[in-house]
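Trainee: Between the sequences and the hints, there should be enough to build the whole structure, so can you do that?
If you're matching them up, the sequences are chains A and B in order. So the first sequence is numbered by the numbering used here: it starts at 2 and just counts up by one. So the second sequence is numbered by the numbering used here: it starts at 255 and just counts up by one.
Hints in this document: simulated from the structure, not taken from any laboratory. Heads up, some of the hints might be wrong.
[Claimed, not checked] Examples of chain B residues lying across from chain A (beta carbon under 8 Å, computed): (1) D429; (2) L432; (3) D434; (4) L435; (5) T437; (6) A441.
By construction, the Cβ of each residue, glycine as well, lies at the ideal position given by its N, Cα and C atoms.
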Amino acid sequence: MTNFSRLEEAPVLIDMKDVDKQFGNGTVAVKDMSLTIRDGEFVSFLGPSGCGKSTALKMISGLLSVSRGAITVNGHMAGQSPDGNDIGFVFQEATLMPWATVFENVFLPLKLHGLTRRDARERVEEALAMVGLSNFAKSYPRELSGGMKMRVSIARAMVTKPKMLLMDEPFAALDEMTRANLNDQVLSLWERHGLTVIFVTHSVFESVYLSSRVVVMAARPGRVVHDIPQVTGYPRTSDYRLTPEYVESCRRVSAALEGTMDHVDINH
Amino acid sequence: MSISITETTETGPKALAAQDMVDPRILAERRDRRLRIVLPITALVAALLLWEFLVWYNEVPHYLIPAPSLIAKTLVTDWSTLMQSAAFTVKLTLLSLALAIVGGVLLGMVFALSRPVEMSLFPFAVILQVTPVVAIAPLILIYVSNTFYALLICAWIVAFFPILSNTVIGLRSADHNLRDLFTLYQATPMQRLRYLLVPSALPYFMAALKIAGGLALIGAVVAEFVAGTAGQNTGLASRILESSFRNEIPRMFAALFLVSLLGILIFLITSWLSRAVLGHWHESEIRREH
Ligand SMILES: Nc1ncnc2c1ncn2[C@@H]1O[C@H](COP(=O)(O)OP(=O)(O)O)[C@@H](O)[C@H]1O
Ligand SMILES: [Mg+2]
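Mentor: Laid out in structure tokens, this is it:
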């Protein structure tokens, strides 16, 4: 069981201070976002589409620059990590290279860091085993189901042994059962490897089930409106979905989310 | 041209082949594959026989329409001159295609890397493309004294553009999330080119190659027509012109036959190449089971 008092003392891993993001076309995607994420947290970004969740994630990973404010990740400016190994990123689509086998796809991050296939073999196989795809190393992405592709994508993100896993609505396109299954796999990776996870979703149930903390965002401009700790301990199994605690948490988070929606409607 | 003989080389699903009983679907597939070879060949042979019969039955003089048998005979009697000419045309076509690939890919890469360069140079490429090669050929023949080089330039101009434009589009077509991934892992520009941009561009390039192969041949023949029959060392177009002057219609048909044959060969080879390169992953070349 994760000890929360320990989490509160854990070192700060990601620190966003007064961050704005305005795109060239004038859209303010993120406004005044301040957020501190500690080592080992499982944080969900929850909000309607267009509220800046992806933008926030991309700024943290250094793929987008900030317009104002500052983000430090593990003591460095976002995107300036010396070895680029800190962060694993999982996109909404599996984003695999269709011309390469599953092995080649998972090998990619290590290849880009100059490892030979021989030196990387063990780690790639380990990453494939983590997601239960050891037997599919030689398959091509088109031969896999949507859920399996997503697991390859997770294996690829995990192969560098990152401290942080950033996931942008990773399971939004999958069916309910596959999604529940992958949720459990992500939870178990998080627990076993001491990861810090930021999980973007627009599902209240998913965010409550998974996270130790739900950050609720609102649109126009994108900003944080609620920061709701989830006190239920881990490990959580599918039984958790049947408990009154879970239902109560979902109700609270839903209410918070609905508040942001009303706000949007008024603005229209 | 509906020749799809190349589609027949692949075997069916291996898992099924292992079973003792032959799956009826496999039988159907095999039959389908056989038909794909047998039907076009039968149709071609039937057409030739009909041609032969009609010429014989109506006693059409051979200087109007020669019978296929006479064309075949001409192919045999004029074999050495025709082969020399064919070799010349093949050399011209392949060389211009090779130069078009090198030039198109290199310039395509420069364009893909730099918008300003693309914006400045693209109009020239378009002008070259839209001006009919027949119209430029006389000028090129005046400026370039070596006929072979002049012909080469003409054929090159025709084959170059599809390679250039598809290479540019292809290099820009890489998935934006994959680009982000390469950025995240701090890929060098060379790694990005090799492992992301080039594979993404390959389907576009192969499509261009199929087109450019045919165009190179057309360019080579058209340019030679414009140049006229000068000199000993000339290609199939010169044989056609020459036969037309001398009213040797069977020879004209024989040369024409060789030009078509070359075109078909180029088509088959580029199609096969495209399948060999893309067959294991790209939608355009994957054979689906029905
Ligand atoms: N590259 C971009 N250029 C301009 N506007 C953008 C860009 N990316 C996102 N936006 C805008 O920023 C806002 C937030 O987008 P995003 O972060 O993708 O939202 P979410 O992931 O929460 O759905 C949206 O209004 C979107 O249209
Ligand atoms: Mg998004």
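Trainee: Take the hints in turn and mark each one as holding or not.
Mentor: Hints, one by one, checked against the model:
The interface hint given for D429 of chain B is met, as the beta carbon of that residue sits about 6 Å from the closest beta carbon of chain A, less than 8 Å. Residue-level restraint check for L432 of chain B holds (minimum Cβ-Cβ distance to chain A is 6 Å; threshold 8 Å). Interface hint at D434 of chain B: satisfied, since its Cβ lies 5 Å from the closest Cβ of chain A, which is below the 8 Å cut-off. Interface hint status for L435 of chain B: upheld, as the beta-carbon distance to the closest one in chain A is roughly 7 Å, under 8 Å.
With a cut of 8 Å, the hint placing T437 of chain B at the interface with chain A holds, because the nearest CB-to-CB distance is about 6 Å. For the restraint placing A441 of chain B at the interface with chain A, the shortest Cβ-Cβ distance is roughly 5 Å, inside the 8 Å limit, so the hint holds.
Comparing the model with each earlier hint shows no violations; every hint is respected.
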